[in-house]
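Visitor: Positions 1 to 298 (full-length UniProt numbering) are the ones given, in order, by the sequence shown.
Incorrect hints may appear among the rest.
Claimed, not checked - Think about it this way: if two alpha-carbon atoms lie no more than 16 angstroms apart in a straight line, the pair counts; the simulated EDC-like pairs of lysine to aspartate or glutamate are:
1) Lys11 - Asp150
2) Lys132 - Glu95
3) Lys217 - Asp249
4) Lys171 - Asp103
5) Lys171 - Asp199
6) Lys217 - Glu274
7) Lys11 - Asp145
8) Lys213 - Asp256
9) Lys192 - Asp103
10) Lys132 - Glu178
11) Lys217 - Asp190
12) Lys171 - Asp145
13) Lys132 - Asp169
14) Lys213 - Glu257
15) Lys217 - Asp256
16) Lys217 - Asp277
17) Lys213 - Glu246
18) Lys194 - Asp145
19) Lys213 - Asp145
Said to hold, decoys possible - With beta-carbon atoms standing in for the labels, derived distance ranges:
20) Met236 - Arg31: 36 to 46 angstroms
21) Thr296 - Gly64: 14 to 24 angstroms
22) Trp294 - Pro84: 39 to 49 angstroms
23) Glu95 - Glu60: 30 to 40 angstroms
24) Gly219 - Gly56: 13 to 23 angstroms
Don't read these hints as lab results, they were simulated from the structure. In this text, all values refer to a predicted model and were calculated from it rather than measured experimentally. Ideal Cβ placement from N, Cα and C applies to all residues, glycine included.
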Amino acid sequence: MKQPFIVGALKLFGALFRYMEHQSAVELGGRLGEMVALLSRRRVNQASARCSRVLGISEEAARGIVLSSYRHFGMGLAEVIRFPVMRDAIPGLVEFEGLENLDRALALGRGAIILSCHMGNWELTAAALALKGYPIRVVAADQRDQRVTDMLVSMRASCGVVTIGKASDLKGVFKCLEEGGALAVLLDQDAKSKGLVSDFLGLPASTPLGPVKLARKLGCPVVPCRSVRDAFNPRMHRVALMSSLEGPDGQPFGEDEAGSLGVCNRLLSSWIREVPDQWIWMYDRWASTMGRNWWTVP
């Protein structure tokens, strides 16, 4: 889709989502996600082939997962767009488990890295933590269109979440951790030539080294955070914050870079295998390591 069309659609449906009752807006977002899938046959076919290859399932089953993934993405986008008008309601839409693990990590005074992936509604999780009083900053890449980037930054800010540019604000990353804040990072992104290759869902993937290097340099704990939309009550989200990670064989996390990344990727992969339709299969996580159209090669 062309960027001007995307920006226009976001503005139009943004106004509509903010006007509607929450449940209805989220349901409409899901239906719009399904509509986008119907209009994106080639991308859906590619995502289904990737999903089939990675999970070892039939293409028919994979297509069902991918279509559900589009629906979940649309629901999540509707929620994010509604942040300014639903701020007070957000804490009631997220059920946390393991907040004491984040409290314990922050109590060390070295900041904490919250490690997650594009699963459930990661933006809503950050917003709910910020509204609970946690000093949350998120590392986020700029979108292709600056207007979309500005829109997302504004949505986060309406709930007290500060955005740090993925490539442009290393000073902001260090400042957050040195001041004892919580830095949210999504690790399931293709780092291309800047990453270290580590298996992700069973296939080699270039993985960002940032969390590992920061943990080693600053001694900050890394707290995994799993976010899932409730299958029986889609307006609710279940978020689990886990104990701080250790490196291989009980080593301090980050001391062994490859081993520590392996710990992260195995954990994230296990989450995705449990709830595969809440991950973003439309994104080719393995593009730089597996080559063009790798999913078509036996």
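Visitor: Report the numbers of all earlier hints that the structure fails to satisfy, in ascending order.
Guide: Structure breaks hints 3, 4, 5, 6, 9, 10, 11, 12, 13, 16, 18, 19, 20, 24.
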